[in-house]
Amino acid sequence: MAAPNLEKMSVTELRDLIARAEGAIAKKAKEERKSALEEARKAAGKHGFTLEELLAEAPKKRGRSGGSRQLKPKFRHPENPETTWSGVGRRPRWIVEAEEAGSLEQLRIPE
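Each residue of the sequence shown is one higher than the one before, starting from 827 at the first, in our numbering.
The hints are simulated quantities; they were obtained by calculation from the structure and are not laboratory data. Here the structure is a predicted model, which means the values were calculated and not measured. Among the hints, a few may not be true.
Think about it this way: if two alpha-carbon atoms lie no more than 25 angstroms apart in a straight line, the pair counts; the simulated SDA-like pairs of lysine to any residue are [to be verified]:
1) 900 <-> 924
2) 898 <-> 910
3) 886 <-> 876
4) 853 <-> 877
5) 856 <-> 878
6) 860 <-> 873
7) 868 <-> 879
8) 856 <-> 841
9) 860 <-> 846
10) 860 <-> 883
11) 853 <-> 838
12) 898 <-> 921
13) 898 <-> 922
14) 900 <-> 937
15) 860 <-> 847
16) 854 <-> 877
17) 856 <-> 844
18) 856 <-> 879
19) 868 <-> 884
20) 856 <-> 880
21) 853 <-> 864
22) 887 <-> 862
23) 853 <-> 865
Can you make the complete structure from the sequences, with help from the hints?
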């Protein structure tokens, strides 16, 4: 199959091509997933198991837990002591202002 000359295609034709390609990708991925699942079922059956039995015994996914952990605050707002920042993520305006003034270390919470 010859590749289409993209330079000569209109925007509408290009979008149509993209839509058809995405459809073909989805169809192909579904077929490959179905084939892989069937191969896995056959392999499990060879050993006297069902795929569902094996997957039920598989260890749970490792990695990040469902909830996010609370980080220990490292800096305290000079005027509102209940406002803190952990040092992770976007810097609050009061941290940026303290950095520009050269007084960030004064806001650090002692460990």
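*Below or equal to 25 angstroms on CA atoms is what counts here, so check residue 856 against residue 879.*
23 angstroms, holds
_Check the hint pairing residue 856 with residue 880 against an upper bound of 25 angstroms on the C-alpha distance._
22 angstroms, holds
*Is the hinted pair residue 856 and residue 841 satisfied, with a Cα-Cα distance of at most 25 angstroms?*
23 angstroms, holds
*Is residue 900 close enough to residue 924, meaning Cα to Cα at most 25 angstroms?*
Judged against 25 angstroms, a Cα distance of about 14 angstroms means the pair holds.
*Quickly compare the C-alpha distance for residue 856 and residue 844 to 25 angstroms and report which way the hint goes.*
Holds: residue 856 and residue 844 sit about 18 angstroms apart, inside 25 angstroms.
_Tell me if the straight-line CA distance from residue 856 to residue 878 falls inside 25 angstroms._
20 angstroms, holds
*Would you check the hint for residue 860 and residue 873, treating anything up to 25 angstroms between C-alpha atoms as holding?*
With a Cα-Cα distance of about 21 angstroms, the restraint between residue 860 and residue 873 holds, given a limit of 25 angstroms.
*Is the straight-line distance between the alpha-carbon of residue 860 and that of residue 846 25 angstroms or less?*
21 angstroms, holds
_Hinted pair residue 898 and residue 921, Cα distance within 25 angstroms_ = The given pair, whose Cα atoms are some 16 angstroms apart, holds under the 25 angstroms limit.
*Assess, step by step, whether the Cα of residue 898 is no farther than 25 angstroms from the Cα of residue 922, and give holds or violated.*
19 angstroms, holds
*For the pair supplied as a hint, residue 853 and residue 877, confirm whether the alpha-carbon distance does not exceed 25 angstroms.*
This hinted pair holds, its Cα atoms lying about 24 angstroms apart.
*Given the hint that residue 853 pairs with residue 865, test it: the Cα-Cα distance must not exceed 25 angstroms.*
19 angstroms, holds
Checked against the numbered hints given earlier, this structure breaks none of them.
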